[in-house]
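Next come the chains, spelled out residue by residue.
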Amino acid sequence: MKSLGSIRREFSPWTDPDAKPYIVVDKVTKRFGDFTAVNNLSLGIYEREFFALLGASGCGKSTLLRMLAGFDEPTSGRILLDGQDLRGIPPYKRPVNMMFQSYALFPHMTVEQNIAFGLKQEGMPKPEIEARVADMLKLVKLTQFAKRKPHQLSGGQRQRVALARSVAKRPKVLLLDEPLGALDKKLREETQFELMDLQQNLGLTFVIVTHDQEEAMTMADRIAILDKGEVMQVATPPEIYEAPRSRYVASFVGNINMFEGKVGEKRGDGLAIALPGGPTILSETGGEVPVGSDVAFAIRPEKIAVSSRQPAGGANVLEGEVYDLAYLGDMTVYHVKLAGGQVVKASALNASRISEDPLSWNDKAWISFRPDAGVVLTR
Amino acid sequence: MADTSVLADAAPRPAPTSLLTAVLNRVVIAVPYLWLLFFFLIPFIIVFKISLSQTAIAMPPYTPVFGLDTLWEALGELSFDNYLWLTEDPLYFNAYISSVVIAAISTFLTLLVGFPIAYGMARAPSAIRPTLLMLVILPFWTSFLIRVYAWIGILKPEGLLNQLLMTLHVIDEPLVILNTHTAIFIGIVYSYLPFMILPLYSSLEKMDYSLIEAAQDLGCPPISAFWKITFPLSLPGVVAGCMLVFIPAVGEFVIPDLLGGSQTLMIGRTLWNEFFNNRDWPVSSAVAVILLLLLIVPIMIFQNAQAKAQEQGR
Chain E
1 MKSLGSIRRE FSPWTDPDAK PYIVVDKVTK RFGDFTAVNN LSLGIYEREF
51 FALLGASGCG KSTLLRMLAG FDEPTSGRIL LDGQDLRGIP PYKRPVNMMF
101 QSYALFPHMT VEQNIAFGLK QEGMPKPEIE ARVADMLKLV KLTQFAKRKP
151 HQLSGGQRQR VALARSVAKR PKVLLLDEPL GALDKKLREE TQFELMDLQQ
201 NLGLTFVIVT HDQEEAMTMA DRIAILDKGE VMQVATPPEI YEAPRSRYVA
251 SFVGNINMFE GKVGEKRGDG LAIALPGGPT ILSETGGEVP VGSDVAFAIR
301 PEKIAVSSRQ PAGGANVLEG EVYDLAYLGD MTVYHVKLAG GQVVKASALN
351 ASRISEDPLS WNDKAWISFR PDAGVVLTR
Chain D
380 MADTSVLADA APRPAPTSLL TAVLNRVVIA VPYLWLLFFF LIPFIIVFKI
430 SLSQTAIAMP PYTPVFGLDT LWEALGELSF DNYLWLTEDP LYFNAYISSV
480 VIAAISTFLT LLVGFPIAYG MARAPSAIRP TLLMLVILPF WTSFLIRVYA
530 WIGILKPEGL LNQLLMTLHV IDEPLVILNT HTAIFIGIVY SYLPFMILPL
580 YSSLEKMDYS LIEAAQDLGC PPISAFWKIT FPLSLPGVVA GCMLVFIPAV
630 GEFVIPDLLG GSQTLMIGRT LWNEFFNNRD WPVSSAVAVI LLLLLIVPIM
680 IFQNAQAKAQ EQGR
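As given, the protein sequences belong to chains E and D, one line each in that order. Following this note's numbering, the numbering of the first sequence begins with 1 at its first residue and continues without gaps. Following this note's numbering, the numbering of the second sequence begins with 380 at its first residue and continues without gaps.
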């Protein structure tokens, strides 16, 4: 079988039918008054997995995280951790720890005391606490800041103290609520890789909540995309990007072009889609969709080629003119207006310094793509 | 990771200003100092001077009276006799001690009553917080004297409280509360409660509730989280509230006079007696000066706590 995208590490228990999820969220609903934050949601998270809950604000991702931590109880449904039903177990008795979006560092305690807080609650002997705290400080490279108070640290340092504090107890599961949200872009990118290393080295299960799709794509083994309290799709980052199962998922992650049309005829495993206004595009997938139904052919901009001359032969060639273009250095994004009025985004990698086929505003242009470059979406 | 935030925090240099704005800036800063000079320091010097004088049957009832021509002779007549007198009669010493003890107990009771109220207010939905604040301040709309007087009607043997308890058959004999220390505690707690609640509320309201969640998440049960997180973080409010109650309570005169009966010894009443009954201005001035010195220590603790709170709040 051909695989989608490149693989970060050999880890895919979800493809193993014998593997049991470590965390099971079973038909969980959470209502606040009339508002349903989480609606009949089910998913499974495996041990040592880096799992991301991705969605726009208000999609219920933080509520789900708070239910895992024990700050909110589900209105109905169950949450199991390692086979144990978590209902009724208060947050201070759950073997999970959370890293808060605001970091929630105790302002009256030093960095050291903050990290030691959870260990003291456990009743760990003092020498062990000291050793563990020293380890943690080393892990997040803050040894020389041990005696500082949180307000004497920079944002990035505070973030690391919060991280050290939440992993100090070696929880079974670490919950991270927008852990990088307060950092600037450069620091965020560095920290993403540090978090991934930390997760692998400690062998913990991470559940991260984020609204930043790039962050989720970079770090997570699998991503759950949530909308209005429901799971839209759970899949690996390449699957989410290359094989979205709905228009929502397709347009939520990255840029995408949607050709809305009707299924004209079947062609083996694929089909021909009639676009309004005449042209037909061919797809190699979607053969299971009945003829006549409304579908969208979704294709990423980088999979569309733009040319000033009509490409010879082949299907999926559409004519238009350059409506707008953006030169981004590493690539150029063309907005091509088709005869039917639809604007299609196509990006071309600037692999050579001098373009042989320069296109400018209002030039006539042809776009073309392979029949297997996009996906057929019915939802 | 380079830590440049410390350098970046350094205050920018003030822009060069014209002579006029420089002068105006100084005037603005001078206003509070002038206020304190005219309405605190000068009156205090006058009181201090009277405390060094001798009582006399005259108008005003002490000698010497300063005149510009007799300034030097008058200065020579001043003495610390009144302060010596305060040490000779145990009445004053006992009154000071009793005042401090009563004020301390009342302050503690006010804290016990005020903390849950302030905590409840700080955790209330933000829409109703202004209403709750209003309710705390509401009693100030009635005269302080009338409110304390009303407590006589409630606490006296045939008063509202005893009637209620006897109707409910909780007690058979009326409780004797009026004219005891208990009545003073009730009066002080009631009257000064807003001064305790407001600073407590402001420090509790600022507190990020996710700190409590973080503590619980790290294995700390709610009651323990209160003592380890909430209480230490509300300490500036606790100190401010306690000082705002303790300092005026030490010198309180109306509450012990109306509710405490004749046998209650407090420095406010002693001062009143010296001033109005004995017409001994110099001794009562000396009593007032000693009271001020006594209160300087808690006032300084208060100032220090305020400064610390500001430092943390940055």
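Some clues are possibly wrong.
[Stated by the list, open to error] Straight line, CA to CA, 30 Å or less: simulated DSBU-like cross-link-like pairs of lysine-lysine:
#: 1; chain 1: E; residue 1: K93; chain 2: D; residue 2: K607
#: 2; chain 1: D; residue 1: K428; chain 2: E; residue 2: K147
#: 3; chain 1: E; residue 1: K93; chain 2: D; residue 2: K428
#: 4; chain 1: D; residue 1: K585; chain 2: E; residue 2: K147
What the hints contain is simulated information worked out from the structure, not anything from laboratory work.
Ascending list of hint numbers which this structure does not respect: Hints 2 and 3 not satisfied by this model.
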